[in-house]
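Given the coordinates of chain W, assemble chain E onto it according to the supplied hints.
Taken in order, these protein sequences are the chains called W and E. Quick note on full-length UniProt numbering: the first sequence kicks off at 1 and runs consecutively. Quick note on full-length UniProt numbering: the second sequence kicks off at 1 and runs consecutively.
Hints listed in this document are in silico derivations from the structure and should not be mistaken for laboratory results. Any given hint could be a false lead.
All copies of an identical chain are treated as equivalent in the list; a pair is satisfied when it fits inside any one copy or across any two copies.
Keeping only pairs whose Cα atoms sit at most 25 Å apart, straight-line, the calculated SDA-like set for lysine to any residue is [as the list claims (entries may be wrong)]:
no.	residue 1	residue 2
1	Lys32	Arg129
2	Lys32	Ala100
3	Lys32	Glu217
4	Lys32	Pro126
5	Lys4	Ala100
There are 2 protein chains.
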Amino acid sequence: MSQKDRAGHLDLDLVDRYARLMAELWTTAPGKVVLVVGGGAIGHGAVRELDPGDRFAALGLTRATFTVKWAWVEALSRHGVPGFPVQVGGLCVLRDDRPAAQLGAVEELLRTGCLPVLSGDCVMTPEGRLEVFGSDRVPEIFLGAERTFRRIRVAVLTDVPGVLRDGPGGNRTIPFIDADDPEGARTHIWAAAAHDTSGAMAGKVASLQELARSGAECVILRGAPDMAGLDFLVQPMSAWSEGIPRTLIARR
Amino acid sequence: MSQKDRAGHLDLDLVDRYARLMAELWTTAPGKVVLVVGGGAIGHGAVRELDPGDRFAALGLTRATFTVKWAWVEALSRHGVPGFPVQVGGLCVLRDDRPAAQLGAVEELLRTGCLPVLSGDCVMTPEGRLEVFGSDRVPEIFLGAERTFRRIRVAVLTDVPGVLRDGPGGNRTIPFIDADDPEGARTHIWAAAAHDTSGAMAGKVASLQELARSGAECVILRGAPDMAGLDFLVQPMSAWSEGIPRTLIARR
Numbered sequence: 001m002s003q004k005d006r007a008g009h010l011d012l013d014l015v016d017r018y019a020r021l022m023a024e025l026w027t028t029a030p031g032k033v034v035l036v037v038g039g040g041a042i043g044h045g046a047v048r049e050l051d052p053g054d055r056f057a058a059l060g061l062t063r064a065t066f067t068v069k070w071a072w073v074e075a076l077s078r079h080g081v082p083g084f085p086v087q088v089g090g091l092c093v094l095r096d097d098r099p100a101a102q103l104g105a106v107e108e109l110l111r112t113g114c115l116p117v118l119s120g121d122c123v124m125t126p127e128g129r130l131e132v133f134g135s136d137r138v139p140e141i142f143l144g145a146e147r148t149f150r151r152i153r154v155a156v157l158t159d160v161p162g163v164l165r166d167g168p169g170g171n172r173t174i175p176f177i178d179a180d181d182p183e184g185a186r187t188h189i190w191a192a193a194a195h196d197t198s199g200a201m202a203g204k205v206a207s208l209q210e211l212a213r214s215g216a217e218c219v220i221l222r223g224a225p226d227m228a229g230l231d232f233l234v235q236p237m238s239a240w241s242e243g244i245p246r247t248l249i250a251r252r
Numbered sequence: 001m002s003q004k005d006r007a008g009h010l011d012l013d014l015v016d017r018y019a020r021l022m023a024e025l026w027t028t029a030p031g032k033v034v035l036v037v038g039g040g041a042i043g044h045g046a047v048r049e050l051d052p053g054d055r056f057a058a059l060g061l062t063r064a065t066f067t068v069k070w071a072w073v074e075a076l077s078r079h080g081v082p083g084f085p086v087q088v089g090g091l092c093v094l095r096d097d098r099p100a101a102q103l104g105a106v107e108e109l110l111r112t113g114c115l116p117v118l119s120g121d122c123v124m125t126p127e128g129r130l131e132v133f134g135s136d137r138v139p140e141i142f143l144g145a146e147r148t149f150r151r152i153r154v155a156v157l158t159d160v161p162g163v164l165r166d167g168p169g170g171n172r173t174i175p176f177i178d179a180d181d182p183e184g185a186r187t188h189i190w191a192a193a194a195h196d197t198s199g200a201m202a203g204k205v206a207s208l209q210e211l212a213r214s215g216a217e218c219v220i221l222r223g224a225p226d227m228a229g230l231d232f233l234v235q236p237m238s239a240w241s242e243g244i245p246r247t248l249i250a251r252r
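Just chain W, with the same shape it has in the complex:
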């Protein structure tokens, strides 16, 4: 979607093609889906080389990711989806590095059949420091809200078909990672993840293990704009085609 080494890059054609897929998913399950978009080059550009002495250094991230969310909202609108960009930094703070979020407006958007579009953001700590709260972590904000969200599935669409056992270019996906086995993850999965050229897989797995320990069902799989559809994401995993490689991260 975005090449992080190209300043300000966002492939609007790809965004549009994924928006079409999201439109089908939203049509299947309106009010049951939120979209969390990565910040890509625009987001990374805002938080590169932050001055650690400046407690407000990450401020630019809220503007950068608003820009990215808006690009998605416009693309979704072209495909008939009422998407609404939601600024996480305005409804969430960090407490002991955990998000405390208030989701009344997001719940209303879902209840009325809209598609909330969220992203990473900078969020405030009790110490008065704006911290980077990346898109990988955004699903955590829904975990304190069990009342509304009884079951949560986090599907991470990325450029590889899950966590790979055999390194870059391989396609042997590790089918299951136990949320309660960080040690196991560290030994062989971390090694595999090290092949991930973006370096982001290890962070994703750690975040998803944390989410899974709080009850979410997490899955990493390849996203591609020419996928037949994303509707399966809201079906029980038992109904998923065996032909879909993925890494499930959950409790046993």
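Just chain E now, kept in the frame of chain W:
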């Protein structure tokens, strides 16, 4: 600050000069002030000629007013103020035309000495319609939060020194409007307000009477970039100079 008949107009030099005044106010009372900025031409441009059949027609307002908030945040930053742009549409919904807001993040911003920068926005209703929620109404979101905000003063800085008794160009300000006397307001004040060329004063007075009935102390006064200071805004009104014309809207 903005000429509404000039598309996209925002006078960044004026914004900067007001930001300097706000910086002094913030230095006097950090954590006790929020800034609500009008959308000006940028905001109005987003909601002109809305299609009433499109429940999402007002969506562009959240992007437009984010742009305006960001211009203020940048100006405030130049004057040393840690301002944070807060998207009202992400933390507030309308219920029976009254805002229901969740202000945890705003409270944290205040508690840590930041200056939340708010604006009008589009907000969701239970019927799934995005409604325009103008900057004049934004102070209402603080009224349900008495726990944190014990006393609320709303100071409306505008281009006239209050509600005028003697029409345009005059300077005889009506000193007091009873929040519980909408009839009195309608008879002579509405007539005076009709002289207001922007047509916005009548709406401001109605909003402020409503706010005052909920316990806020509201005051309309002239703002100008060459004012000696704004610090008086956080002092008791008994301490204000008699030389400051203003219209107070409160309960008797």
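Checked hints:
In the homo-oligomer, the alpha carbons of lysine 32 and arginine 129 lie at most 25 Å apart only across protomers (18 Å), although the nearest pairing inside one protomer, at 33 Å, exceeds that limit. For a Cα distance limit of 25 Å, the shortest separation of lysine 32 from alanine 100 qualifies both inside one copy, at 21 Å, and across copies, at 23 Å. In this assembly of identical chains, the alpha carbons of lysine 32 and glutamate 217 lie at most 25 Å apart only when taken from the same copy (15 Å versus 42 Å across copies). For the homomeric pair lysine 32 and proline 126, the shortest alpha-carbon distance between copies (17 Å) is at most 25 Å, but the shortest distance inside one copy (32 Å) is not.
Taking the closest pair of Cα atoms, lysine 4 and alanine 100 never come within 25 Å of each other, the shortest separation being 29 Å inside a single copy and 39 Å across copies.
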